[in-house]
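Going by full-length UniProt numbering, the sequence shown opens with residue 1, and the numbers climb by one from there.
Because the hints were derived from the structure by calculation, they are not lab data. Bear in mind the structure is a predicted one, so any value in this text is a computation, not a measurement. The beta-carbon is built from N, C-alpha and C at its ideal position, and this holds for glycine as well. Be careful, since some hints might not be right.
Calculated lysine-lysine pairs in the DSBU-like style (CA-CA distance at most 30 angstroms, straight line) [unchecked claim]: (1) Lys108 to Lys6; (2) Lys45 to Lys82; (3) Lys87 to Lys4; (4) Lys70 to Lys82.
Cβ-Cβ distance ranges computed for the label pairs, FRET-style [claimed, not checked]: (5) Lys56 to Arg95: 55 to 61 angstroms; (6) Lys56 to Thr113: 41 to 47 angstroms; (7) Lys56 to Phe106: 52 to 58 angstroms; (8) Ile21 to Ser63: 32 to 38 angstroms; (9) Phe83 to Glu107: 18 to 24 angstroms; (10) Lys108 to Ser63: 28 to 34 angstroms; (11) Lys111 to Lys70: 28 to 34 angstroms; (12) Glu107 to Gln57: 48 to 54 angstroms; (13) Lys87 to Asn54: 43 to 49 angstroms; (14) Ile103 to Ala20: 17 to 23 angstroms; (15) Arg95 to Ser2: 16 to 22 angstroms.
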Amino acid sequence: MSSKTKAIILIAGCILIGFAIGILIDRALLLKYHPRKSGLKEYRKELIKRLNLNQKQQVRLDSILSWSQKEFKNLSREFRPKFDSLKTALRDSIRSILTPQQIEEFEKMIKETEKNERR
Numbered sequence: 001m002s003s004k005t006k007a008i009i010l011i012a013g014c015i016l017i018g019f020a021i022g023i024l025i026d027r028a029l030l031l032k033y034h035p036r037k038s039g040l041k042e043y044r045k046e047l048i049k050r051l052n053l054n055q056k057q058q059v060r061l062d063s064i065l066s067w068s069q070k071e072f073k074n075l076s077r078e079f080r081p082k083f084d085s086l087k088t089a090l091r092d093s094i095r096s097i098l099t100p101q102q103i104e105e106f107e108k109m110i111k112e113t114e115k116n117e118r119r
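Could you put the whole structure together from the sequences, leaning on the hints where they help?
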């Protein structure tokens, strides 16, 4: 294996690891600070209970949660195209160093990852 090939594999590996770590951190922070819509009611209930919010605070909390939901959606709309573009470039770069058999296995890996992301 030539030095150039090793360098390409190393760079692709680093990008892939960085990508995976970024996804994990993003998911962890998103769930911690902004629960999914289905969990928003539970999050609201927990805030009200644990912080002992009065009625006025609860009304303001509802406004804050509604606002933050809209902001996260807007951020996602901005972020998604760049994220998808980088993901496509990464996958194309990895494919460029693989044999046909490896590409076949790589495509299976991608399908598994996408299936798990939809859950």
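Here is what the structure says about each hint:
1. Lys108 to Lys6: Given that 30 angstroms is the threshold and the Cα spacing comes to 24 angstroms, the pair holds.
2. Lys45 to Lys82: violated (35 angstroms)
3. Lys87 to Lys4: Satisfied, since the Cα-Cα distance of roughly 23 angstroms is no more than 30 angstroms.
4. Lys70 to Lys82: OK: Lys70 and Lys82 at ~20 angstroms, within 30 angstroms.
5. Lys56 to Arg95: 55 to 61 angstroms: holds (57 angstroms)
6. Lys56 to Thr113: 41 to 47 angstroms: Since Lys56 and Thr113 have Cβ atoms about 46 angstroms apart, the given range 41 to 47 angstroms holds.
7. Lys56 to Phe106: 52 to 58 angstroms: holds (56 angstroms)
8. Ile21 to Ser63: 32 to 38 angstroms: holds (35 angstroms)
9. Phe83 to Glu107: 18 to 24 angstroms: Given about 20 angstroms between the Cβ atoms, the range holds.
10. Lys108 to Ser63: 28 to 34 angstroms: violated (46 angstroms)
11. Lys111 to Lys70: 28 to 34 angstroms: Since the Cβ atoms of Lys111 and Lys70 sit about 33 angstroms apart, the hinted range of 28 to 34 angstroms holds.
12. Glu107 to Gln57: 48 to 54 angstroms: For Glu107 and Gln57 the Cβ distance comes to about 51 angstroms; the hint holds.
13. Lys87 to Asn54: 43 to 49 angstroms: About 46 angstroms separates the Cβ atoms of Lys87 and Asn54, which means 43 to 49 angstroms holds.
14. Ile103 to Ala20: 17 to 23 angstroms: holds (20 angstroms)
15. Arg95 to Ser2: 16 to 22 angstroms: holds (19 angstroms)
Checked against the numbered hints given earlier, the structure breaks hints 2, 10 and satisfies all the rest.
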